[in-house]
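Residue numbers (my numbering), protein chains in the order written: chain A, 1 to 115; chain B, 1 to 114.
Keep in mind the hints are simulated off the structure, nothing from the lab.
Keep in mind that a hint or two might mislead.
As the list claims (entries may be wrong) - Under the rule of at most 30 Å between Cα atoms (straight-line distance), these lysine-lysine pairs were calculated in the BS3-like manner:
1. A/K22 / B/K69
2. B/K49 / A/K41
3. A/K41 / B/K69
4. A/K36 / B/K49
5. B/K58 / A/K36
6. B/K49 / A/K40
7. A/K9 / B/K49
8. B/K69 / A/K19
9. B/K49 / A/K22
10. A/K52 / B/K58
11. A/K52 / B/K69
12. A/K9 / B/K69
13. B/K58 / A/K67
14. B/K49 / A/K71
The chain contents come next:
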Amino acid sequence: DTAVSQTPKYLVTQMGNDKSIKCEQNLGHDTMYWYKQDSKKFLKIMFSYNNKELIINETVPNRFSPKSPDKAHLNLHINSLELGDSAVYFCASSQPPGQGNTEAFFGQGTRLTVV
Amino acid sequence: AQSVTQLDSQVPVFEEAPVELRCNYSSSVSVYLFWYVQYPNQGLQLLLKYLSGSTLVKGINGFEAEFNKSQTSFHLRKPSVHISDTAEYFCAVSESPNDYKLSFGAGTTVTVRA
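So here's chain A without its partners, still in its complex pose:
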């Protein structure tokens, strides 16, 4: 079973459209994250949720809206897509340090291409 799964794996869309990326983890973790990897492969955190509550928002444009219907899911909705949003988006999950989990687990990534 895949621990952290994202859908879709690839997404090609036109500028101005609205799209969503879904993420689910079956590890029982309380915390989930979204990271963005740009064309130069630089990875930067976007959001972090703990038990469905937003705890980190790293100055991401408000066109990006994460939604966590339950602690196993963290979806990323993007409005009015721009060319600069093209990137690979990674979902991850973890438990707090000291609670039997010693790392963050990553999904396989969603490659978003805006044309």
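Position chain B relative to chain A; hints supplied.
Just chain B now, kept in the frame of chain A:
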């Protein structure tokens, strides 16, 4: 705030040769340190981590890293690389006691040639 510097953006290496990837971080508090690997068109896979204890940590695929607090470094090494080690390697740091929010370095591209 912490930052992570990977000193080498590209490292070409011949098969069966050793490799070292350098990573330095800046932080005023205790940190957790990680190396992740990203194979072409794949997600991120944890190679190894330092949380506490022995400063020499061993990971998967024959990799190891040494935490040096005085030099704020966490260099990754492998004594003999294979073609299959061709990948992007990321050093990452977390200083949060509550989660594994990671700050990543810019990555090092390792290309192994026969």
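Hint check:
1. A/K22 / B/K69: violated (39 Å)
2. B/K49 / A/K41: Holds, at about 21 Å.
3. A/K41 / B/K69: holds (27 Å)
4. A/K36 / B/K49: holds (22 Å)
5. B/K58 / A/K36: holds (28 Å)
6. B/K49 / A/K40: Answer holds: B/K49 to A/K40 is near 24 Å, not above 30 Å.
7. A/K9 / B/K49: holds (27 Å)
8. B/K69 / A/K19: violated (44 Å)
9. B/K49 / A/K22: holds (28 Å)
10. A/K52 / B/K58: Measuring from Cα to Cα gives roughly 35 Å; hence the hint is violated.
11. A/K52 / B/K69: violated (35 Å)
12. A/K9 / B/K69: Outside the cut-off at roughly 39 Å; violated.
13. B/K58 / A/K67: Violated. B/K58 to A/K67 sits at ~37 Å, over the 30 Å cutoff.
14. B/K49 / A/K71: Given pair B/K49, A/K71 holds - Cα atoms ~25 Å apart, limit 30 Å.
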